[in-house]
Amino acid sequence: MRIGVFVCQCGTNIASTVDTERVAQEVKKLPDVVYTTTYMYTCSEPGQQEIQRAIEEHNLQGVVVAACSPRMHEPTFRRAVEKAGLNRYMFEMANIREHVSWVSNDREANTKKAIELVRMAVAKLRFNQPLFPSRVAINKRVMVIGGGVAGIQAALDCADAGLDVVLVERRTSIGGKMAQLDKTFPTIDCSSCILGPKMVDVAQKENITLHAYSEIESVSGYVGNFAVRVRKKATYVDWKACTGCGVCMEKCPSRKVPDEFNEGLSFTRAINIPFPQAIPKKATINRSYCIYFTKGKCGICAKVCPAKAIRYDMTDEVVTEEVGAIIVATGYDLFDPSAYGEYGAGQYRDVITGIQYERILSASGPFGGHIKRPSDGREPKDVVFIACVGSRDASVGRPYCSGVCCMYIAKQAILTKDHIPNSRSYVFYMDIRSPAKNYDEFVRRAQEEYGVQYIRGRVGKIYPRGDRLVVQGMDTLLGIQVEVEADLVVLATGIEASRGARELAEKLHISYDQYGFFMENHPKLRPVETNTAGIYLAGVCQGPKDIPASVAQGSAAAAKVLALFARDTIETSPQVASVTERACIACGKCIEVCPYGAIRWKELKGGVRKAEVITTVCQGCGLCNATCPPKAIQLQHATDNQILAEIEELCA
Amino acid sequence: MKDNFSRTVAYYPGCSVEGTAKEFDESTREIFRVLNVALREIPDWNCCGSTPSHIYDPLLSAAISGRNLAIAERMGFYEVMTPCPGCLKALKGSIEVFNNPLKRKDLLNILDMPFYGRIKAVSVVQFLVEDVGIEEIERCVLFPLEGITIVPYYGCLLTRPPKSAQFDDPEQPTSLDRILEAIGATVPHFPFKTECCGATYGVVRKDIVGRLTGRILEMALDLGADAIAVACPLCQQNLDLRQEQIERYRGRSFKISVPYITQLIGLSFGIDPKKLGWHRLAADPQKLLTRFDKLSKKRPTEPPTIR
Ligand SMILES: Cc1cc2nc3c(=O)[nH]c(=O)nc-3n(C[C@H](O)[C@H](O)[C@H](O)COP(=O)(O)OP(=O)(O)OC[C@H]3O[C@@H](n4cnc5c(N)ncnc54)[C@H](O)[C@@H]3O)c2cc1C
Ligand code: SF4
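First to last, the protein sequences are chains B and W.
Residues 1 to 652 in my numbering are what the first sequence lists, from first letter to last.
Residues 1 to 307 in my numbering are what the second sequence lists, from first letter to last.
Pulled out of the complex, with its shape left as it was, chain B reads as follows (with noise of 0.2 Å):
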């Protein structure tokens, strides 16, 4: 085989910590290599054509490209390849940049490690096979995971592009938080208002399909045909019959429910429709508060209901919808406070949450828009708002910040005052968080036109004083030591990841961060991208963010998919498992461990039975190629023998 090797310096990404030219020279040696060169930018036009030269020149029948992660421009380099001439899977990476240069300092050592690389992907390359994508047809179906305002946003772009959409929600009705908030910032415009009429369009448009109170139980397939299995919780209402009327809910005798929307602040029934907008506008009910499932008697719903619709007898029922993208958008959860027992929250009733304090400020919320102490119903003079609860706190394992608080700190204030004139607010903070278009300007209306009394510093200690609450803290600026009687106190805590997101990272077989955040393909460059492709992530489930930043992502997934869709097929990878007929020995350990039942029997003449791959269904794990016996089932691009090669060269 003739084989090219281009070291790429990266500017001096790579030069800085690697004698380039050292390692060309040395790898000119191997047998094969027969032209090596060093270069800037490989990846740049003239660093491609540099390379397309050179296979035409030294009628080159392998190239290796040492420089960057293979993750970063593998595909580049395959297609500049490709278009000189060379099956793309003659083509080798060998990254001397995230595994060399940018680790160490030591130019000697860099120097040996990359010339070492290098000799491994040439080992490799000698025994590369060419290789040829076949093509598949792609469904044209989009899912959507989560139906908060980002996936809301997803499924309504994709179903006016004319896209069929299954709008997957886990709660009982869509709109997320977004659906529970009273006003949002920095404009003051009525949440619901602006996201009710969105809600509606989902429900309207005939080309979604919703599945409320729903959850994922298993993928399989891959870009462009998925199938999902989803399992859809009994509700014990027929919501084909269910008209949303809510008498069922008026006559519940189980009336000491705790209402979920309205976070705790107040009761629902064990019956319920969970808010006047709720899209399904349908009942369900809870059986740990239900009569009839924990006593087993009552049926009054049954009784009462006009259309008929309760099913006392019902079961989860699980559908497959057949897709072929996912948009991922299943937000977050909020920091449980109790961790900071200095503020007291579960343990003072006027000690509350960022999100209790929305519903108590929405007018269909717990108090019909009065602003009301939980404890006694009393009109709070003084509110005390303390920033970054389970936020940029590494002692409680959140050390990042959450983004939002500050800007949700200062609506909430205003809006107190709008409520309460005479009232005061105090806010304390660490640093103040406000770098979006318009976004510091509200900040300082809230100091500078509503008065309200910003404190850098931390809160030690919070304890009641008769029925008002003492905050003792710090004022950082002053450098003293401060307390403010207050009759509530607003804690603003953290975003953290949506419960159960690890699991559906892993049914998904898409990453997420050590906080359950899931990962984009590239921070900057592949925001809304997992790294398995026809997967997208919009909202809060990639990491903090505002409903701006939640709706922009949505949009964008939207696009990936609609230009994803606009192929009619797809190639599927060729580095896949294949099966050596003449050493299979039917053992069937690799149908056991293929974590995607992508093998099956094969008869062959006179019943004998062999392994066979569904190349469609492979994702090319290698699970299978490591438990078979006689090794006859091999991963393309990865064999035995290529690995092997490397090892050797590597151990020469």
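When the alpha-carbon atoms are kept at most 16 Å apart in a straight line, the in silico EDC-like pairs for lysine to aspartate or glutamate are as follows:
id	chain 1	residue 1	chain 2	residue 2
1	B	Lys-113	B	Glu-649
2	B	Lys-461	W	Asp-169
3	B	Lys-461	W	Glu-171
Just so you know, these hints were derived from the structure itself, not from any lab.
Values in this document were obtained by computation on a predicted structure and should not be read as measured data.
Starting from the structure of chain B, add chain W with the ligands where the hints point.
Just chain W with the ligands, lined up with the frame of chain B:
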């Protein structure tokens, strides 16, 4: 001495219980007798070094306390118990230095005796809650403190800093609350249970202690407490011995008894208050004791079964 106790633990009394906090030591020894735990005092123990040594040089402090630990280890103990949270911090500091690979050698050099750093230091309260157990305390109660309202005061050190204390919740601890409930007292939620009393500022800045200890006393009084239960000689000193001083400073009369938790447990076990050192308290506890006598006469309880 015949050893018919169910278990034995190394005991490090510390200097303050030989002086101002004698009743802490007396009552601790008394209740552990009832609880069937033998305290083996570390022979020839020395001062933990206290604040001056660790401010001057942490290594010095580690070595001073390390000696006591090393002796206890040599006697075959895996756990040493001390009444004083200050001493506890010094003992724990010594183990922390031992566990620091950069400092271990220096420590062992100074100590010049075998030390393996496998011993654990606990406070009397931690030992009561985690080793003896609340149920066992409850089982030994002859005269529940029913009708008596007591607030628990933990001070700064018993549960903090959380990394070194490794005991209870640092900000909202409940161990003393639970013990008090077990011995029958009424225990209101005490918001200042971990607020600082001013500690050694009592000597140099009386105004600070006047303010800090003052608000603790006031909060207790406002909650209708008959007593403040403590577990630290220094806190006890500020709340009890300085109470009159603080009364003058705050212009308010407190007259509230500040016994150690062990003295209260002892009462409920039916031990003579004199043996528990109640007479040593500065704020006169007679009112409390009389009340206890009157209430408990009416309710004779079954004696505990002695194992
Ligand atoms: C107190 C407070 C006030 C705020 N005020 C403002 C404001 O004024 N302005 C502003 O711009 N931003 C504000 N925000 C931020 C705003 O709430 C978020 O930016 C926005 O809601 C993010 O939308 P989302 O769709 O990404 O997530 P979410 O709203 O959390 O929606 C996610 C949806 O996915 C569903 N889901 C979760 N897991 C699954 C699963 N496994 N399967 C199916 N469905 C699932 C959830 O039930 C939910 O319906 C505020 C936040 C808080 C906490
Ligand atoms: S947005 Fe403000 S309050 Fe929220 S975590 Fe960041 S800095 Fe703290």
